[in-house]
Amino acid sequence: MSRIDGPVLLQTKGLRKSFGDHEVLKGIDLEVRRGEVVALIGPSGSGKTTVLRSLNGLETPDQGTLAFDGGPSVDFGQGLPKQQRFAIRDRSAMVFQHHNLFPHRTVLQNVIEGPVTVQGVSKAEAVARAEQLLDRVGLADKRDAYPHELSGGQQQRVGIVRALALAPDLLLFDEPTSALDPELVGEVLVVMKELADEGWTMVVVTHELQFAREVADEVLFLDGGVVAERGAPAQLFTAPQNERTRRFLDRILRPFD
Amino acid sequence: MDWQLVLDSLGPLLWGALVGTVPLTLISFALGLVIALGIALLRMSPNPVLSWIGRAYVSVIRGTPLLVQLFLIFYGLPSVGVVLDPWPSAIIAFSLNVGGYAAEIIRAAILSVPKGQWEAGYTIGMSNATTLRRIILPQAARVSVPPLSNTFISLVKDTSLASVILVTEMFKQAQKIASVTLEFMTLYLEAALIYWAICTVLAAVQDRLEKRLDRYVAH
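Here the protein sequences come in this chain order: A and B. The numbers in our numbering rise by one with no breaks, and the one at position 97 of the first sequence is 97. Position in the second sequence counted from 1, then plus 1000, gives you our numbering.
This is chain A alone, in the form it adopts within the complex:
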């Protein structure tokens, strides 16, 4: 698959972030087009999750800029005022590694919380939309269940539905299958692939290289806080240009060689 040719939805330039003395991001440039699926891969500690969280205002980079739709950019070097943080957050929705569903709320209540409480959607409308989305991921019959009554894969699908219910421009996935038992990974990846096929714009931090290879339009390999290599999956996975990319892929795809 070649790169999507849509308009640019999101652009970051020179994102830098340190935690104490440790510089986690050393200048990350990222461009996401509408309808595009971008996968961030790389070893632990490479900064990929920090990049993702920065896109949602959960982390505030020390430097760099972020712009949506080619509009005015937020300059993190100037700090991030509340209004801007909310404006950034408004554009995207996050699916967490550990789903972070609200345990005291039913599945349905989890899904409608954002639309009703934050977006001011009427409850009836939010419920109708939530039921439709739950039905899509095969969980219509679980609407009144509490999260702890679901399997890990079901919980994560609810997490995805909760994100979808916000009708964001951009879906962010932070290693959505890493905490799952292996046999439950598939059901989550299938849903994600369907979303990609439907044209959702997605940034996915993942260790599922096969998913990145089949679904992503562009793959970024992060290492040591920089984008060591980026490209179409076909190219990056079969003929990596960077030595570090090659070693990373070898370790994962051919651990016994």
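No lab work stands behind these hints, which were simulated from the structure alone. Any given hint could be a false lead.
[What the hints assert, rightly or not] Here are the computed lysine-lysine pairs in the DSS-like style, where the Cα-Cα straight-line distance is at most 25 Å:
#1 K82/A to K1115/B
#2 K82/A to K13/A
#3 K1176/B to K142/A
Based on these hints, arrange chain B on the given structure of chain A.
Relative to the frame of chain A, chain B by itself:
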């Protein structure tokens, strides 16, 4: 044991519980929880001045006897021109006291909710305050039921201290009757048993409340 006296005094004692002990406890606990939430939030504030105020409050309340706090408010304040009736004095003292103890419970309960719950609230667009109110506090409530029940039960018994600042609650009634009949053992034992009965009922209520709040927790 003078059983006739036990029967005759039961009415006045229960009445004292009904119009004294129970409302004193309920009002003070409710106000105390509001104070406690405020103090807990101050304690957790990133602002060093605010967090110092919260810490200082807890330290003073926990570091001084409740009886002394009552005396300061009822007998001490008039010397600086603030004269309060027994009831308001008692309510103020008990609320402030509950506020100090419950603040630490609420703070610990809030801190026990995983960070991911805050983040999930933020990512669906909620502010700090909304996340606290709709996501964090309901979960913290479950955690804080057992320790808050302790505080509540202690308060039921502590309201007997209000008798020394002339509030007519159950123990004051017992003292009044005892001072006339001189049957101290009978009256105070009777009062003790009524406190015990109230606290036993409360413990059962706590049990039910915990079970009710348990419905969304995995076992």
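Evaluation of the provided hints:
1. K82/A to K1115/B: 19 Å, holds
2. K82/A to K13/A: 21 Å, holds
3. K1176/B to K142/A: Cα-Cα ~62 Å, so violated.
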